[in-house]
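Taken in order, these protein sequences are the chains called Z and C.
Heads up: the first sequence runs through residues 13 to 145, numbered per this note's numbering.
Heads up: the second sequence runs through residues 24 to 426, numbered per this note's numbering.
Quick caveat, the hints were computed from the structure, so don't treat them as lab data.
One should not assume that every hint holds.
[What the hints assert, rightly or not] Some chain C residues well away from chain Z (every beta-carbon gap over 10 Å; in silico):
| # | residue |
| --- | --- |
| 1 | 65 |
| 2 | 140 |
| 3 | 422 |
[Claimed, not checked] List time: in silico EDC-like cross-link candidates among lysine to aspartate or glutamate, alpha-carbon distance up to 20 Å:
| # | chain 1 | residue 1 | chain 2 | residue 2 |
| --- | --- | --- | --- | --- |
| 4 | C | 26 | Z | 72 |
| 5 | C | 421 | Z | 73 |
| 6 | C | 28 | Z | 16 |
| 7 | C | 325 | C | 315 |
| 8 | Z | 20 | C | 311 |
| 9 | C | 421 | Z | 93 |
| 10 | C | 331 | C | 311 |
| 11 | C | 421 | Z | 35 |
| 12 | Z | 33 | C | 311 |
| 13 | Z | 23 | C | 311 |
| 14 | C | 26 | Z | 35 |
| 15 | Z | 23 | C | 315 |
Cβ coordinates follow ideal geometry from the N, Cα and C atoms, glycine included.
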Amino acid sequence: MSIDYSEKVIKHFFNPQNMGKMEDPDGVGTAGNIACGDEMTICIKVKGAAGDDRENDVVEDVRFETLGCAAAIATSSMVTELAKGKTIKEAKQISLKDVAGELGGLPPIKMHCSNMAADALHKAIEDYLQKSK
Amino acid sequence: MSKKKIYLDYAATTPVDEEVFEAMKPYFCEKFGNPSSSHQFGKETREAVEAARKQVADFLRCKPEEIIFTSGATESNNLAIRGVTAKSIGQKKSGAGFVPHVITSSVEHSCVLNACKTLEDDKLAEVTYLSVNKEGLVEIEEIERAVKSRTVLVSIMYANNEIGTVQPIEEIGNLIKRLNGSRGGERSSRIYFHTDAVQAINYLDCDVNTLGVDLLSISAHKFYGPKGVGALFIKEGTSIARIQDGGGQEFGMRPGTHNVPGIVGLGEAITKIKNNESVNENIERLSDKLIDGILKSVPNSKLNGSCKKRLPNNVNISFPGAEGEAILLALSFEGVAVSTGSACASSDLRPSHVLVALGLGPADYHSSVRFTLGKYTTEEEIGRVLTVLPGIIERLRKISGQA
Chain Z
13 MSIDYSEKVI
23 KHFFNPQNMG
33 KMEDPDGVGT
43 AGNIACGDEM
53 TICIKVKGAA
63 GDDRENDVVE
73 DVRFETLGCA
83 AAIATSSMVT
93 ELAKGKTIKE
103 AKQISLKDVA
113 GELGGLPPIK
123 MHCSNMAADA
133 LHKAIEDYLQ
143 KSK
Chain C
24 MSKKKIYLDY
34 AATTPVDEEV
44 FEAMKPYFCE
54 KFGNPSSSHQ
64 FGKETREAVE
74 AARKQVADFL
84 RCKPEEIIFT
94 SGATESNNLA
104 IRGVTAKSIG
114 QKKSGAGFVP
124 HVITSSVEHS
134 CVLNACKTLE
144 DDKLAEVTYL
154 SVNKEGLVEI
164 EEIERAVKSR
174 TVLVSIMYAN
184 NEIGTVQPIE
194 EIGNLIKRLN
204 GSRGGERSSR
214 IYFHTDAVQA
224 INYLDCDVNT
234 LGVDLLSISA
244 HKFYGPKGVG
254 ALFIKEGTSI
264 ARIQDGGGQE
274 FGMRPGTHNV
284 PGIVGLGEAI
294 TKIKNNESVN
304 ENIERLSDKL
314 IDGILKSVPN
324 SKLNGSCKKR
334 LPNNVNISFP
344 GAEGEAILLA
354 LSFEGVAVST
364 GSACASSDLR
374 PSHVLVALGL
384 GPADYHSSVR
394 FTLGKYTTEE
404 EIGRVLTVLP
414 GIIERLRKIS
424 GQA
């Protein structure tokens with residue numbers, strides 16, 4: 013079953029982007045849990061825009077750390093790529109479909125990994141918005 | 024995927040031995056008769072089936088008529104469990120309302136566990152699932168404590184498919200003999216003893232008299248025979264009902280036209296097990312090399328199961344901080360085929376019930392990898408695994424931030 017991944021999933025699994033720890037992140041989000049086998053943490057660095065509307069702030073850097081299967085690693089990598097350089101408003105809209113779609117699809121049983129990646133990103137953004145209130 | 028393929032999943036299945044395949048060949052196109060037919064075509068294949076029955080009986084040290092050919096271990100195990108419990112219900116003088124009791128362990132193969140579960144759901148039996156210790160061993164005293172007056176069957180596997188732990192079958196056999204002695208030896212009040220010997224057959228003594236078993240399941244594809252054929256030893260006098268209806272094949276116990284090439288292959292394959300002591304010693308040496316090599320070269324790696332009471336071909340190791348399916352995929356890109364107990368690699372997203380039963384935590388069972396060796400495994404292959412594995416684990420631990 014694990015062999016049924018798209019080439020893009022395999023590529024991200026073997027060469028994950030934006031992996032590792034981040035010094036002083038502006039927002040941190042964690043999804044999944046070890047009991048299920050997958051745990052994902054996403055950290056973001058945000059550059060504040062002028063004015064009071066934080067929605068226009070820009071996600072300058074994203075990092076992930078993931079304990080999980082190939083799909084979990086690949087979706088983490090992909091979600092960081094998708095979020096990097098986006099405004100908070102844009103990044104909030106990144107969905108599990110976007111992540112799976114960009115990866116050329118995921119086996120049905122692995123769709124929850126995609127969900128997890130989007131979830132971790134949204135939590136990181138939420139954390140940033142809370143902190144910057 | 025151009026790298027040389029290294030197969031280390033012999034507990035899942037084995038390749039058919041060339042000589043076994045040769046023995047099977049004539050029974051597809053030339054000798055195709057139905058063994059139940061009275062003419063010459065039937066006689067020819069009937070003789071082949073009976074010769075195979077004798078080969079199996081010689082190996083297990085029983086009478087040929089105590090061997091029933093089946094479609095494999097799943098069927099053999101179902102026949103043993105459902106057949107013994109069903110017959111016990113019909114036999115009791117108390118008649119309606121008798122609920123037989125079955126004792127098994129929490130680390131059995133899913134076909135045993137699910138057969139038991141269905142019996143419970145259908146209110147056809149009460150089942151006790153014995154826990155195991157952290158090495159995966161059933162405690163004999165636990166069996167004795169679990170026995171009730173309604174107990175009709177104890178089903179404990181000989182060796183575990185995931186962690187290779189070898190159960191004390193002979194001791195359990197002795198216990199059951201003793202318990203039956205004190206029951207007065209009446210057939211209708213006997214406890215029968217079944218063992219699933221699928222993983223054990225290549226490596227351990229399967230003399231049914233020594234083991235003291237009444238029923239024993241085997242499957243050809245685990246010992247270099249073909250898939251889709253197995254056998255169940257049923258000791259003469261065992262009170263058991265058939266579980267499917269049809270013609271009178273297999274002494275009425277397993278109706279259905281014989282899988283003649285498969286049965287011939289099973290018979291041929293089992294005779295080859297007898298003389299492979301040196302092969303088994305080599306497998307054990309290579310397994311030890313793999314275990315030692317991994318534990319030395321990969322920090323924080325742990326052997327699952329028992330150090331001493333384990334099959335010589337089984338190596339099950341956890342690599343906390345990495346995840347099993349990811350390790351499996353990375354190894355597979357190096358040409359190495361293994362299996363894992365991680366939930367992420369299973370079709371129901373549940374972790375291995377065996378590793379959970381050992382009391383392992385999620386970090387350990389999701390990171391477990393099973394390497395099972397076989398007679399074609401070479402020193403070079405083990406060396407190659409030891410070369411690529413540490414880097415794979417290190418990389419995955421970096422990704423998880425647990426390096």
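Results for each hint:
1. 65: holds, 43 Å
2. 140: holds, 23 Å
3. 422: The claim is violated: residue 422/C sits with its nearest Cβ about 6 Å from chain Z, within 10 Å.
4. 26/C x 72/Z: violated, 40 Å
5. 421/C x 73/Z: Roughly 19 Å separates the two Cα atoms, so the pair holds.
6. 28/C x 16/Z: Distance of about 18 Å is within 20 Å: holds.
7. 325/C x 315/C: With a Cα-Cα distance of about 11 Å, the restraint between residue 325/C and residue 315/C holds, given a limit of 20 Å.
8. 20/Z x 311/C: Violated, because 38 Å separates the two Cα atoms, which is more than 20 Å.
9. 421/C x 93/Z: Between residue 421/C and residue 93/Z the Cα gap is close to 19 Å, so the pair holds against 20 Å.
10. 331/C x 311/C: holds, 11 Å
11. 421/C x 35/Z: Within the cut-off at roughly 16 Å; holds.
12. 33/Z x 311/C: violated, 37 Å
13. 23/Z x 311/C: Violated, at roughly 35 Å.
14. 26/C x 35/Z: violated, 40 Å
15. 23/Z x 315/C: violated, 32 Å
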